[in-house]
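First to last, the protein sequences are chains V and U. With this note's numbering applied, the first sequence covers 463 to 690. With this note's numbering applied, the second sequence covers 16 to 119.
Calculated from the structure, these hints are not laboratory results. Just so it is clear, the structure is predicted and the values come from calculations on it, not from any experiment. All C-beta atoms in this analysis are idealised placements derived from N, C-alpha and C, irrespective of residue type, glycine included. Hints are supplied without guarantee of correctness; some may be wrong.
Said to hold, decoys possible - Pair ranges (Cβ atoms, derived): (1) U:LYS112 x V:GLY552: 51 to 57 Å; (2) V:ALA554 x U:MET117: 36 to 42 Å; (3) U:GLY58 x V:ASP532: 25 to 31 Å.
Claimed, not checked - One-sided excerpt, in silico: chain U residues whose CB lies under 7 Å from chain V: (4) VAL20; (5) ILE21; (6) GLY29; (7) GLU30; (8) ILE31; (9) VAL32.
What the hints assert, rightly or not - Sample of chain U residues lacking proximity to chain V, with all beta carbon distances greater than 12 Å (derived): (10) GLY18; (11) THR81; (12) ARG85; (13) ASP87; (14) ALA101.
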Amino acid sequence: MSDGSIIGRTTTIRGHVTGTGAIRVEGRVEGDVVTDGNVEVAPEAQIQGAVRGATLRVAGAVAGDLSGTDAVLLESGARVVGDLSAPRIGIAEGALVRGKIETARGAAAAPAPRAAVAVRREPEAPRAASARAAAVPVPAAAGPAPAQSGRRAPPPPPPRAEAARDASPAPSGGRPGPAGAAHRGPPAAPRPRPGAEAGRTGRAAPPPPVVPSLAKGARLKKKKAGQR
Amino acid sequence: MAGTVIGEGLTIEGEIVTDDEVVVQGTVRGTLTSGDVVSIAAGGVVEADVQAASLSVGGQVTGNVTASDRIDIQAGGRLIGDVKAARLTIADGASFKGNVDMDV
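Chain V on its own, in the form it takes in the complex (with noise of 0.2 Å):
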């Protein structure tokens, strides 16, 4: 049983922090923090990443999505740029965010059950999405992530790879599938850009072959074009 962790105020992490129990961060880091159990991020925090977890209390600076199963918490030193996820989200007085705030569903922390129903629905998305997963390193795609790689069968061609590399930034796809993607994503360096990765996280979007919502139009045109 893991007791929690705690990411120690000088501390600075370049990469990834995944795993289960909660997880307190006083300190930097530079990447996702992804668990199934509570992440706290205290008031001189800074995360460079996408935040997901079960409830997710933020009293720091966090650049990326924000995405709990059971609540996201911003406290009155929080300062946010990204999107909120969770089916109850709470807001305290003093707090800064900047980003889409959704409640209607539950950010997918377990992608698997939800990306059946991508899959069902648009049979593109987890395409898409896992050709997004191939723009980062294929041996990542074919690797960790039992759930998510079963579902997304082997890595696409490559074209709909390049095609989707530009694309990556923009989540018109963004479901479970792009979350799945960013959540088994190898170290920060070959990432696209920061800005965009945490745009593709988190984000429960409507369904792409309908209107691709995004600000990053153009990216999304081109993938639309490779797609269908």
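Let chain V serve as the given structure and place chain U on it in line with the hints.
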């Protein structure tokens, strides 16, 4: 309470740089640099080069380790990699494979 605790279920892939004390009960892949004491608990797995003021290996470490003070490999601990420290102990029951440089 140690500054940084990497709990049992946690995996960190990347570089960790800190001035805190670190306790690793989970998995670390990459590099780990601390200005203070690093202890790797019995279930901890570190596939990284470690640099610390002092290091105590109770779990599994694969990588080169450097300490400015001392390195202790405890019984049940396993170290595969080179060791560079002024003081070193390898307990009975510990497992070690690598070179030792104590000429610091």
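We went through each hint and held it up to the structure:
Remark: the range hint 51 to 57 Å for LYS112 of chain U to GLY552 of chain V is upheld by a beta-carbon distance near 52 Å. In this structure the hint that ALA554 of chain V and MET117 of chain U lie 36 to 42 Å apart at CB is violated, the actual value being about 54 Å. Range check, GLY58 of chain U to ASP532 of chain V: about 27 Å between beta-carbon atoms, so the 25 to 31 Å window is met. At about 5 Å, the closest approach between the beta carbon of VAL20 of chain U and any beta carbon in chain V falls short of 7 Å, and the interface hint on this residue holds.
With its C-beta approaching chain V no nearer than about 5 Å, ILE21 of chain U sits inside the 7 Å limit, and its interface hint holds. Look at GLY29 of chain U: its Cβ gets to within about 1 Å of chain V, closer than 7 Å, so that hint holds up. Taken as an interface hint, GLU30 of chain U checks out: its beta carbon lies about 4 Å from the nearest beta carbon of chain V, inside 7 Å. Residue-level restraint check for ILE31 of chain U holds (minimum Cβ-Cβ distance to chain V is 5 Å; threshold 7 Å).
Hint on VAL32 of chain U holds. Least Cβ distance to chain V is approximately 5 Å, under the 7 Å limit. The Cβ of GLY18 of chain U does not lie farther than 12 Å from every Cβ of chain V; its closest approach is about 3 Å, which violates its non-interface assignment. Annotated as non-interface, THR81 of chain U keeps its C-beta farther than 12 Å from every C-beta of chain V; the closest such distance is 19 Å. Remark: the non-interface label on ARG85 of chain U is consistent with the geometry, its nearest Cβ contact in chain V lying 22 Å away (cut-off 12 Å).
No beta-carbon of chain V comes within 12 Å of the beta-carbon of ASP87 of chain U; the shortest separation is about 22 Å. Against chain V, the non-interface label of ALA101 of chain U holds: every CB pair exceeds 12 Å, the least being about 24 Å.
In this structure, the earlier hints numbered 2 and 10 are contradicted, and the remaining ones agree with it.
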